[in-house]
Structures are given as structure tokens and as C-alpha cells.
Amino acid sequence: MNWLALRLLRPYLIVAAVLSAASTAFVLLGARAIGRQVDAHGMVVDDYAPDRTGLCETGLSCLPAGTATDLGQAIVLIAAFVPLLIGLILGVPLFAREREESTDAFVLTQSIPPMRWLSTKLFWALSAGAVCTAAVAVSFRRAAAGYTLVLDDVGYTLLGEVHKYNVTFMVMQAVFITALAGVLGLAGGRTLRTLILSVLAWPVVLVVAQIGGLLLAMVAFLLSSWSDSLSSMLGTLDGDETATFAALALAVCTVVAVLIGRRTVAGSARRRP
Amino acid sequence: MSTDRTVPALDVAGVSHSFGRRRALYDCSFTVPVGGVTALIGRNGAGKSTLLRAASGLLRPDGGEVRVLGEPVGDRSLPRIGYVAQQAPLYPMLTVAQTLALGRRLNPRWDAGYAQHLTDDAALPSTARVGTLAPGHRSRLALVMALAKRPELLLLDEPLASLDPVARTEVIGTLMADVAERGTTVLLSSHVVADIDGVCDHVVVLAEGRACLVGEVEPVLAGHLVAVGAGFEISTLDGAEVIEVRTAGRDAIALVRSAGPVPAGDLAWHRPTLEELLLGYLRAAGPELKREVSAA
Chain U
1 MNWLALRLLR
11 PYLIVAAVLS
21 AASTAFVLLG
31 ARAIGRQVDA
41 HGMVVDDYAP
51 DRTGLCETGL
61 SCLPAGTATD
71 LGQAIVLIAA
81 FVPLLIGLIL
91 GVPLFARERE
101 ESTDAFVLTQ
111 SIPPMRWLST
121 KLFWALSAGA
131 VCTAAVAVSF
141 RRAAAGYTLV
151 LDDVGYTLLG
161 EVHKYNVTFM
171 VMQAVFITAL
181 AGVLGLAGGR
191 TLRTLILSVL
201 AWPVVLVVAQ
211 IGGLLLAMVA
221 FLLSSWSDSL
231 SSMLGTLDGD
241 ETATFAALAL
251 AVCTVVAVLI
261 GRRTVAGSAR
271 RRP
Chain Z
1 MSTDRTVPAL
11 DVAGVSHSFG
21 RRRALYDCSF
31 TVPVGGVTAL
41 IGRNGAGKST
51 LLRAASGLLR
61 PDGGEVRVLG
71 EPVGDRSLPR
81 IGYVAQQAPL
91 YPMLTVAQTL
101 ALGRRLNPRW
111 DAGYAQHLTD
121 DAALPSTARV
131 GTLAPGHRSR
141 LALVMALAKR
151 PELLLLDEPL
161 ASLDPVARTE
171 VIGTLMADVA
181 ERGTTVLLSS
191 HVVADIDGVC
201 DHVVVLAEGR
211 ACLVGEVEPV
221 LAGHLVAVGA
231 GFEISTLDGA
241 EVIEVRTAGR
251 DAIALVRSAG
261 PVPAGDLAWH
271 RPTLEELLLG
281 YLRAAGPELK
291 REVSAA
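Which chain is which? The protein sequence lines are U and Z, in order. One point on numbering: in full-length UniProt numbering, the residue at position 210 of the first sequence is 210, and numbering is uninterrupted. One point on numbering: in full-length UniProt numbering, the residue at position 107 of the second sequence is 107, and numbering is uninterrupted.
Think of the hints as simulated: they come from the structure by calculation, not from any bench. Predicted model only: the values in this text are computed from it and were never measured. Please note that the accuracy of each hint is not assured.
[What the hints assert, rightly or not] Part of the chain Z face toward chain U, derived, beta carbon under 10 Å:
(1) 53
(2) 91
(3) 110
(4) 155
[As the list claims (entries may be wrong)] For each label pair, taking beta carbons as the anchor points, the in silico distance ranges come out as:
(5) U/7 x Z/201: 35 to 43 Å
(6) U/259 x Z/131: 31 to 39 Å
(7) Z/76 x U/260: 36 to 44 Å
(8) U/259 x Z/43: 35 to 43 Å
(9) Z/173 x U/201: 49 to 57 Å
(10) Z/108 x U/74: 25 to 33 Å
(11) U/201 x Z/180: 52 to 60 Å
(12) U/196 x Z/76: 37 to 45 Å
(13) Z/134 x U/22: 55 to 63 Å
(14) Z/201 x U/102: 40 to 48 Å
Beta carbons are placed, not taken as given, at the ideal position from N, Cα and C, and that holds for glycine.
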């Protein structure tokens, strides 16, 4: 089953890997170019700090206009949208294409249980999504996050809420979008419809992650009331910790999506003439 | 093969299924005995594909139960079933050789030698991608995949539709050989009566989602008669179980269920051919299948 899952995923794995490699290279090279410009202007940009210190103050600490700002903006776009793109590339065709071409009728009547088909395909797609996104996320966080904090543009600053400058959150975003698109494809069986629904669901996913993260943090705070140090820590979360709770919410959503996928496999044929 | 011949190969008990408002199967019940070829006949939309999908585990019916070789359809029955769907779906990006290798990976009882033999017989080029094969060749490959799995029950959804006459004969020969050598049970659906004439030894006619005729071919034929004569004479078949009446001008032809001797009278009687019998049932398909003819 592994062979089949990887063979079917191959073109999408290649596209996702190329996108990941190109994005990582751009982030690293872009960060280096920004660093040179910053140095040339005699500015000191601190490394990224979770409490958002060192935000841009127009005329004082913003990136120099021109190439540095352009590169910084491009890097923000990469950090914000590459996890989504990787999730869509791997998740949309995962089951939708099989359903569309009816090849599921072939594979599901071989001697392997349908649940193994589902779990094997999901495992490879989610793993690939996590690895491809992690490369971009780590390079962004380590090399470029500090620069993107001092971008003189409100829109790009707001895009920070999409990636939260957090590796775990970016990775979980790609993982969840992959799982969500996979399950939508499994239920709907149409590639284009799955793509549109997944894209439309993305803003909702971000809101759910935000609210879910806060709720989880609140639960953790209440549960840790026996310990002063723990409740104090959970009561004053910094940006990174908030993002980690949001990533945890996405992890829960991923598990829910996989469970829905299992139920869909068990009863998907009900709706198909 | 250690198949218990007292247990039916396929037991369909009160199966009902709807797609939205459309009812595909309604309280459908019949059994398919072990060994031999059973033809599943019905008009388009009669529920043949739905039934085969339910038997293969691809569809969970709304009601009733399908048992394969004595056990409910599920993971355990998968290795014992071979299924070829209507469009013979296979992965188009794989070559023929890769598709066969995939069969070996996915099926513990895979017979590689038999698969190669059948592939050679069908003259399927091993390096050709499945997506580039003609529909007939793709159907042959799908059949190879199902047969090389060494199933005890082979479910074929209109397997002959895309084949040329020569390939059709070859496929039928392969199926008959498998039945004879291994005792495989074959259930093949078709809406072309000529396709199954001389091939099947059991027949199931589906109409409006229900089985309206089930049985071994010879006894079923022996239990019916065709009456030919003037329309008014046909209408005097009081009490006889008339399946279907066709009129042409003043003359009429009636298919009658009758186990007794040929009745006396002016009507010409003969034993129906399989085609006459099945067409009679298919034409008569409707909510009220069996009709009692009353005197005009």
C-alpha cells in the first residue's frame, strides 16, 4: 500500500518539495540580502523575540525602503501562504482524484482493508506536508522573522497573524489543510470543488485555530490552578506560546478530520450511484 | 479452494438502497449458488451495479444484508471477492506491468504466473500505460487483475460491453475455464441478453430494484411457455400466470408461467428460448409484474 500511496502522490510530492525548496532558498537568500542592506544603513535589527519587541517605528527602526522592504514583504507572503499551498497541493488530489476517476472502486476491492488505504495515504500526505512546511518555517523563523517585524506596512504586519512567526503553527496549518482537503475530496469526490471548498475554509481554519487555542490555553490555565508557577505562566502567554496553543487546536482539528474521513470511508458509497 | 458448497456464494436478503429520492434496490432477495455462472439481467437503472457494489463492499445498503460465502461483506470477505466495475477503472499512469505488480502487493493470494498467462493471452503490452490502452484492453486487464487474485466469487459489472466479438469469446472462454478448473462462482451483469445466452447456468432478473426471476436456466425455461395466436384467444387464458403479452395487429404473443403440459386449444405453444424468456420479463418490468389476464 505504501508503494501505491507514494506512486500516486509522486507528482504532488515533487511539486510540494520544489515549492518548499524554492521558498526556503528565497527566505534564506532574501534574509541575507536584507541583512546586508540593514547593515549598510547602520541599523540594528534584533533577532525575533516572541513578545514582539522591536516593532517598526516609522522613520526610526523600519527596514530601508526599496529592495530590503520588497524582500521582506515577499518573505511575509511566503510565510503566510506556503503552508496553505502545500496543504492544497497534497490534500486536494489525495482522494478527490481517486473518487473522480473511480479508481477507488479498484483499490477498495483488493485484499487490503479500506481503513489501511485511508490511513496510509493520509500518513504520507500529512508527513510530506509537515516536512515541506517545516523547512520553510524553520528558515523563516531563524533567518527572516526579525526583519519582517520591522516592515513599515500594516497589511503585512497583519499577515503575521496568519503564520504567527511560529514553526509549529505553520506546520500544523499545512497538516490540517492537507487533512481537511483530503477529507473533503473523500466526501465530495470532485477535485475542483474540493479545491474551492478548501480555500474558502482556510480563513475559517485560522479563526478556529485562534479561538481554539485560546480555549485550550484557558482550560490549561484552569487545570493548573493548583500550581502558582504554572498558572502564572499560562496566564501570561507570549506570542509564541499563544501560537503553540493555536497549533494544538489545529492538531485536535486534524484528528477530528481523520476520524470524519474514517466514517466517510465506511459510508461514502451510500451517496454514490 | 475450500468453499463450502452448501453455503450460497452470495446471499442477498431484503436489500434496499436509495440514492436521494431514487430507489435503486427495494427488498431485493436472492441467492447465488457456489460454482457456475450466474447472469444478473436487468434494464438500465434496474439496480444491477448497485447490487454488485453492495456485494463487493463498496456500498453499504440502507437495509437488508448481503453475505458472501457465508459471512457479511467486509474486510474478511475482500480476499475472496474479485470485482470488475463497469468502466474497468485502473490507475491510468501505471504501466500494465506495474499494475500487475500492484496486484501482487495488494493481494496475498495473487497468482503471478496466471496473471502473466492471461496478460499474454490478451496480448497486453507490459510497458504500455493503462491510460493509453483501448477500452477493450483495459477491460481485459481489469479482468486479469480480478482473476489473478484467485477469488472464490467473481463479480463482473457488464464485463463484455467494451469488448470486440473475438475478445468477448476469449473472455468467456477464460471465465468458463476458471469455473471448470477452480469452481469459481461468477456473477456477471448485463443488459444484453445475447451476451449471456449459452454462458450462464443460473439467471437473476432484476426489475425496479427487485429480483423478479431467480433460478437455474433449464428449470426456469421448462417452467414457461410462449403462446402465439389471435389476441382474443390469448385474452381467454383465464387464471394463467401471464408474464407479458405483445400484440401485433390481431395476433398476440404471450409469455406464460406454466409447469404443466401444453394446454389444448387453437393457440400455438412452444418452449421459450432464454432470450424470449428474459426479454419477456424485462419488458414486463413494472410495479405490477405478474398479471392475470381476464376474459375480454
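Hint-by-hint comparison with the structure:
1. The beta carbon of residue 53 of chain Z is positioned within 10 Å of a beta carbon in chain U (closest approach about 6 Å), and the interface hint is therefore held.
2. Interface hint status for residue 91 of chain Z: upheld, as the beta-carbon distance to the closest one in chain U is roughly 6 Å, under 10 Å.
3. A cut of 10 Å between beta carbons decides the hint on residue 110 of chain Z: the least distance to chain U is about 8 Å, and the hint holds.
4. Given hint, residue 155 of chain Z at the interface with chain U, holds; its Cβ is 8 Å from that chain's nearest Cβ, closer than 10 Å.
5. For the pair residue 7 of chain U and residue 201 of chain Z, the supplied restraint of 35 to 43 Å holds, since their beta-carbon distance comes to about 41 Å.
6. Distance hint check for residue 259 of chain U and residue 131 of chain Z: the Cβ-Cβ separation is about 34 Å, which falls inside the suggested range of 31 to 39 Å.
7. A C-beta distance of roughly 25 Å is found between residue 76 of chain Z and residue 260 of chain U, which places it outside the suggested range of 36 to 44 Å.
8. Judged by the Cβ atoms, the range 35 to 43 Å given for residue 259 of chain U and residue 43 of chain Z holds: they are separated by roughly 41 Å.
9. Evaluation of the 49 to 57 Å hint for residue 173 of chain Z and residue 201 of chain U yields a pass: the beta carbon distance comes to about 53 Å.
10. Between residue 108 of chain Z and residue 74 of chain U, the C-beta spacing of about 52 Å breaks the proposed range 25 to 33 Å.
11. In this structure, residue 201 of chain U and residue 180 of chain Z meet the distance hint of 52 to 60 Å, their C-beta atoms being roughly 55 Å apart.
12. The given range of 37 to 45 Å is respected by residue 196 of chain U and residue 76 of chain Z, whose C-beta atoms sit roughly 39 Å from each other.
13. Distance hint check for residue 134 of chain Z and residue 22 of chain U: the Cβ-Cβ separation is about 40 Å, which falls outside the suggested range of 55 to 63 Å.
14. Separation of residue 201 of chain Z from residue 102 of chain U is about 31 Å and departs from the stated range, judged on CB atoms against 40 to 48 Å.
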